[in-house]
Amino acid sequence: MTAHLAILASSFLGDLWTYVSDYGRELAFGLRRTIQVSAIAIAGAFFIGLVLGAARAHRVPVVSQLAAVYVEVIRNTPILVQIFMLYFALPEIGIRLDAFTVAWLSVMLWGGAFNTENFRAGFEAVPERYREAAFGLGFGRVAAFVNVTLPIGGRIALPSSINTYISVLKNTSLLYVISYPELTTTALQINALTLQTVETFTVLAVIYLALVWTMSAGIRLLERHLALPEAR
Amino acid sequence: MPEWVRPAADYMFHEGLRSTLEIAAISLVGALVVGILLGTLLTIDFRPLRAVIRLYIEVWRGLPILVTIFIIFFALPAASPSLEFSPLTSAAIGLILWGSAQVAEATRGAVGSIPREQHEAAAALGFGWVGRHVFVILPQAFRRLLPPVVGLLVNIIQNTTIAQVIGANELLESGERSVERLTAPPPIGLGEVHAFEIYGAVMVVFFAISFPLTRLAAYLERRLA
Numbered sequence: 001m002t003a004h005l006a007i008l009a010s011s012f013l014g015d016l017w018t019y020v021s022d023y024g025r026e027l028a029f030g031l032r033r034t035i036q037v038s039a040i041a042i043a044g045a046f047f048i049g050l051v052l053g054a055a056r057a058h059r060v061p062v063v064s065q066l067a068a069v070y071v072e073v074i075r076n077t078p079i080l081v082q083i084f085m086l087y088f089a090l091p092e093i094g095i096r097l098d099a100f101t102v103a104w105l106s107v108m109l110w111g112g113a114f115n116t117e118n119f120r121a122g123f124e125a126v127p128e129r130y131r132e133a134a135f136g137l138g139f140g141r142v143a144a145f146v147n148v149t150l151p152i153g154g155r156i157a158l159p160s161s162i163n164t165y166i167s168v169l170k171n172t173s174l175l176y177v178i179s180y181p182e183l184t185t186t187a188l189q190i191n192a193l194t195l196q197t198v199e200t201f202t203v204l205a206v207i208y209l210a211l212v213w214t215m216s217a218g219i220r221l222l223e224r225h226l227a228l229p230e231a232r
Numbered sequence: 001m002p003e004w005v006r007p008a009a010d011y012m013f014h015e016g017l018r019s020t021l022e023i024a025a026i027s028l029v030g031a032l033v034v035g036i037l038l039g040t041l042l043t044i045d046f047r048p049l050r051a052v053i054r055l056y057i058e059v060w061r062g063l064p065i066l067v068t069i070f071i072i073f074f075a076l077p078a079a080s081p082s083l084e085f086s087p088l089t090s091a092a093i094g095l096i097l098w099g100s101a102q103v104a105e106a107t108r109g110a111v112g113s114i115p116r117e118q119h120e121a122a123a124a125l126g127f128g129w130v131g132r133h134v135f136v137i138l139p140q141a142f143r144r145l146l147p148p149v150v151g152l153l154v155n156i157i158q159n160t161t162i163a164q165v166i167g168a169n170e171l172l173e174s175g176e177r178s179v180e181r182l183t184a185p186p187p188i189g190l191g192e193v194h195a196f197e198i199y200g201a202v203m204v205v206f207f208a209i210s211f212p213l214t215r216l217a218a219y220l221e222r223r224l225a
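Quick note, the sequences are listed as chains L and G, same order. Just so you know, the first sequence maps onto residues 1 to 232 in our numbering. Just so you know, the second sequence maps onto residues 1 to 225 in our numbering.
Calculated from the structure, these hints are not laboratory results. Don't take each hint at face value.
Stated by the list, open to error - Simulated restraints, written as ranges between beta carbons of each label pair: (1) G/Ser82 <-> L/Val51: 33 to 43 Å; (2) L/Gly14 <-> G/Ser80: 45 to 55 Å; (3) L/Ala210 <-> G/Arg50: 49 to 59 Å; (4) G/Val134 <-> L/Ala210: 32 to 42 Å; (5) G/Ala218 <-> L/Ala217: 49 to 59 Å; (6) G/Ala184 <-> L/Leu13: 28 to 38 Å; (7) G/Glu221 <-> L/Val51: 35 to 45 Å; (8) G/Gly128 <-> L/Arg224: 38 to 48 Å.
We put the beta carbon where it would ideally sit given N, CA and C, even for glycine.
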């Protein structure tokens, strides 16, 4: 029984190896696009979160209210419907975006909304007395934000914002619906051609888990590295 | 109101929204049952068991839900023909795997937050491990579990749209079918594109369901914290 299982397992590993050596190049192209789109979206989501999170935390008039509407709309509607809106519905009112633009834009807008909340919570967690101390030292509002609220609140927001970036990466798989050739789309195309379904999805799952687990390990390292002195 | 609106809306509400709510309800109940069980077992100090449950949580939390659903819908039948499920069932299984991983993690924290004395008092009253958890620990832990569970419900409802990708006729799919039908030339459709109105309506419906629930989750979090 054990010997039988061992033979089955090793022949499956052999199949996987053949599969990877046959289609590794295509998968690598798909993986590169997944990483590229995620990187653009994560960078954008970082800036959106920083700016709108600060506007929300400090109740900057107008910007704060608009940011709240943006956050609630994105968080309370499915990202798949948002992708449909951008790619299939906007052309009807004359806005045509290509698949690549919709790819990074959709996941960036989604990540930006969640990140606005992450940063808002981080900035609001900075004790008021720190800001008062900065004002007392003669810092202006902007200088107090840059030198006091940002470094402290940013650290508080870091773990939850990296969680958002992990979700951004996972959400790029939904770009399959607009046929943007990232990792999942590429894997499904290979599957359609070869019908090596079990191999395809095993490899696909392993790649995603490797990416996601690496990022979560990164969170734990950063958390320890950037922890505030009082929290240590 | 234009003439095409009524039939499209009827179709989307009766077919689409119904399946959306069906998938969401099954997934929520499944995720709660599996997740609370695994989360409670995770508090037992027995390494091999903990390692297996940890792996389950990390795998189903780590994979994009779309990939999980593809694995269930495409790869399981390829591995064994007896494992063939309908799009609706496949989506529900995928959401249960993902949701139960979230619930398990939350349950572990909630059960761990119940003071030792509660365990000891229940044991002194003659409860065994199962009775102690079912009648004493979990009812108290549920208070702490409520806000994340409402948050999970919102996520599950939104993620039911992923079932669209494998062709389950939930709200988004019924919307897409309506768009396609209206775009078809006259005897069948109108030859008109109404994607903006229809996907916009889908967004509004999801917002109308999710927004009160996210408010409720935030309120519960503040009250029960």
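Quick rundown of the hints versus the structure:
1. G/Ser82 <-> L/Val51: 33 to 43 Å: violated, 54 Å
2. L/Gly14 <-> G/Ser80: 45 to 55 Å: At 20 Å between Cβs, range violated.
3. L/Ala210 <-> G/Arg50: 49 to 59 Å: violated, 23 Å
4. G/Val134 <-> L/Ala210: 32 to 42 Å: holds, 39 Å
5. G/Ala218 <-> L/Ala217: 49 to 59 Å: violated, 30 Å
6. G/Ala184 <-> L/Leu13: 28 to 38 Å: Distance hint for G/Ala184, L/Leu13 is violated at roughly 49 Å.
7. G/Glu221 <-> L/Val51: 35 to 45 Å: violated, 26 Å
8. G/Gly128 <-> L/Arg224: 38 to 48 Å: holds, 40 Å
Violated hints for the displayed structure, listed by number in ascending order: 1, 2, 3, 5, 6, 7.
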